[in-house]
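Enquirer: Using the sequences and the hints given, assemble the complete structure.
Protein chains: 2
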Amino acid sequence: MKISQIGGEFALIDRLMSKEVNDPAIVKGVGDDCAVLEYTADKYLVVTTDMMVENSHFTSGWFSPFQVGRKLMEVNVSDVVAMGGVPRFAFISVALTRETEVEYMDELYRGIFASGRKHGVHLVGGDTTHGREIVLNLTVTGEVEKELLRLRSGAKEGDLICVTGTLGGNQAGLELLLAGKAGHTAEFLEPECRSASEGIVIARHANAMIDVSDGLASEVGHICKASGVGARIDCEKIPLSPDVIKAASELGKDPYNYALYGGEDFELVFTIGPDMLSGLREKFDDFSVVGEILPKGAGIFLARDNTRIDMGKGYDHFAE
Amino acid sequence: MKISQIGGEFALIDRLMSKEVNDPAIVKGVGDDCAVLEYTADKYLVVTTDMMVENSHFTSGWFSPFQVGRKLMEVNVSDVVAMGGVPRFAFISVALTRETEVEYMDELYRGIFASGRKHGVHLVGGDTTHGREIVLNLTVTGEVEKELLRLRSGAKEGDLICVTGTLGGNQAGLELLLAGKAGHTAEFLEPECRSASEGIVIARHANAMIDVSDGLASEVGHICKASGVGARIDCEKIPLSPDVIKAASELGKDPYNYALYGGEDFELVFTIGPDMLSGLREKFDDFSVVGEILPKGAGIFLARDNTRIDMGKGYDHFAE
Chain W
1 MKISQIGGEF ALIDRLMSKE VNDPAIVKGV GDDCAVLEYT ADKYLVVTTD
51 MMVENSHFTS GWFSPFQVGR KLMEVNVSDV VAMGGVPRFA FISVALTRET
101 EVEYMDELYR GIFASGRKHG VHLVGGDTTH GREIVLNLTV TGEVEKELLR
151 LRSGAKEGDL ICVTGTLGGN QAGLELLLAG KAGHTAEFLE PECRSASEGI
201 VIARHANAMI DVSDGLASEV GHICKASGVG ARIDCEKIPL SPDVIKAASE
251 LGKDPYNYAL YGGEDFELVF TIGPDMLSGL REKFDDFSVV GEILPKGAGI
301 FLARDNTRID MGKGYDHFAE
Chain S
1 MKISQIGGEF ALIDRLMSKE VNDPAIVKGV GDDCAVLEYT ADKYLVVTTD
51 MMVENSHFTS GWFSPFQVGR KLMEVNVSDV VAMGGVPRFA FISVALTRET
101 EVEYMDELYR GIFASGRKHG VHLVGGDTTH GREIVLNLTV TGEVEKELLR
151 LRSGAKEGDL ICVTGTLGGN QAGLELLLAG KAGHTAEFLE PECRSASEGI
201 VIARHANAMI DVSDGLASEV GHICKASGVG ARIDCEKIPL SPDVIKAASE
251 LGKDPYNYAL YGGEDFELVF TIGPDMLSGL REKFDDFSVV GEILPKGAGI
301 FLARDNTRID MGKGYDHFAE
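Read top to bottom, the protein sequences are chains W and S. Sequential numbering of the first sequence, starting at 1, is according to my numbering. Sequential numbering of the second sequence, starting at 1, is according to my numbering.
Errors might be hidden in some of the hints.
For lysine-lysine, the following DSS-like pairs were computed, each having C-alpha atoms within a straight-line distance of at most 27 Å [claimed, not checked]:
#1 S/K146 x S/K283
#2 S/K146 x W/K43
#3 S/K43 x W/K43
#4 W/K118 x W/K146
#5 S/K253 x S/K237
#6 S/K146 x S/K156
#7 S/K43 x W/K146
#8 S/K146 x W/K146
#9 W/K181 x W/K246
#10 W/K225 x W/K146
#11 W/K253 x W/K237
#12 W/K156 x W/K146
These are calculated hints, taken from the structure and not from any lab test. All values derive from a computational prediction rather than experimental measurement.
Expert: Structure representation (structure tokens):
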């Protein structure tokens, strides 16, 4: 049976991981940005792992090995930050091909160390092996103050849905490259995740948090599913950079679709009680309110031009 | 520059990881079976990660997906056990191909869970993606009592070198399969690592410990390098199973070479003061004394038929 026949990747994970695990040390297993484990009296240990495959996640003709290394670290750090955590240590596995040169590895690791230094993450272990294409896996551990842990499941009716920075840059950059256009948005080749200190400030005010791996629509969907709520996203409020608007215009595409369905922007999506908003704004202001958490019965939908667009299963992600 | 030109995998890791890391939370970074990190007052956190690539580490025609999943867990648990630790949690990354079937994944995870259950390890996180061949990565965390932590660097002159169980089964099994022989040793398709309770009993008596990933010669070499000592391995004392002896005889090979250079047996190699030997034997007896730790100046060598065979760089691993 093909994986698509059971509903794709998320359905596969649900199927495989459905085994009941009963261990008091597990605060949160599969189903959030990180696993959360008991650690010290005040802190949880959070752990995330991400795999990047050549030709699937990065094309060596586009990405320099330095950029690949950076992205590998940013992807993982983003998951820790989205829990309200501080990343600490990283463990890498690399499958090289017979043709991989030492210089490629030097640059790859330079990128990993550059991003790691920025985020205070030390690379302390790993495994090196061979394959037909380059495959990289990074596991990052972090710590989170127990009271700051923010899960996908914390959203409450009436919360405002917010997103940091701007969205869509990653997908717009990819499409420019695919179309052979000279320009590209830096977000595609050099995505940068939010810092732990930003994540912590948000966590002090927010109820739920997730990073943008698969696009705003998917992330809001995850929050709603985990929290048992509905949501409205106000399309015109989604923050787009001038680069994304320009790219969409050049390519004849809708820029909001990049933000909603593009993914890998590594910004943070969070939900926050309206009374907490001004307190957050005083300390951190680089975010936009893009919608509202509704009762479950309201469903999950996009409000655009006074039209309700359901974001259920049947929605075609790249329909214009 | 080719990786072989700088001296292969270990030289590459030395080169890439040479950056000085100065963080008091790192007890031991790269260079042992696990990274060792500060954790609680009495315990360290240990973390290991291992990648398995289709066609490189397992051939789908030989291994069932259940066996692949089991091996993935055993490989990692073995590293934790070799530190004197107790494995706790696992994090998986899987690159599937477009052709991978749901049934394959079901069996793979059944193998992972079967081995995990045996060792008390819970799978609590992961990542699923796509590639041209199946690539699996598992990261396993564990805990070790501070006083039981055993590193490669703890060997002392006069220590006896010991190894659990029997060696060579993995390599003998592989060669039988490569030769198209009907029989095979189970150690190749279904390697089993030692349990945490066995590792802990050994740790209470031993000074240094490592698991057999790359063959006895390589592991003793790692211990000597990390401990700044020399060693003599008494070839005829290396424990071989009847299956390995039979396989070598069928294939016209030297069974000791399987043990010395074959690898992936997942037994434990440890060094122990002669005065501690009988105390260990009372609690755990499935091991053999195969040599002695010598002063550094004595070098690292194999004693066989009253001949000294240097195990330096120039030794041809599979010369008969």
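Enquirer: Does each hint fit the structure? Answer for all of them.
Expert: Results of checking the hints against the structure:
no. : hint            : result
1   : S/K146 x S/K283 : holds, 21 Å
2   : S/K146 x W/K43  : holds, 20 Å
3   : S/K43 x W/K43   : holds, 16 Å
4   : W/K118 x W/K146 : holds, 24 Å
5   : S/K253 x S/K237 : holds, 18 Å
6   : S/K146 x S/K156 : holds, 20 Å
7   : S/K43 x W/K146  : holds, 20 Å
8   : S/K146 x W/K146 : holds, 25 Å
9   : W/K181 x W/K246 : holds, 12 Å
10  : W/K225 x W/K146 : holds, 23 Å
11  : W/K253 x W/K237 : holds, 18 Å
12  : W/K156 x W/K146 : holds, 20 Å
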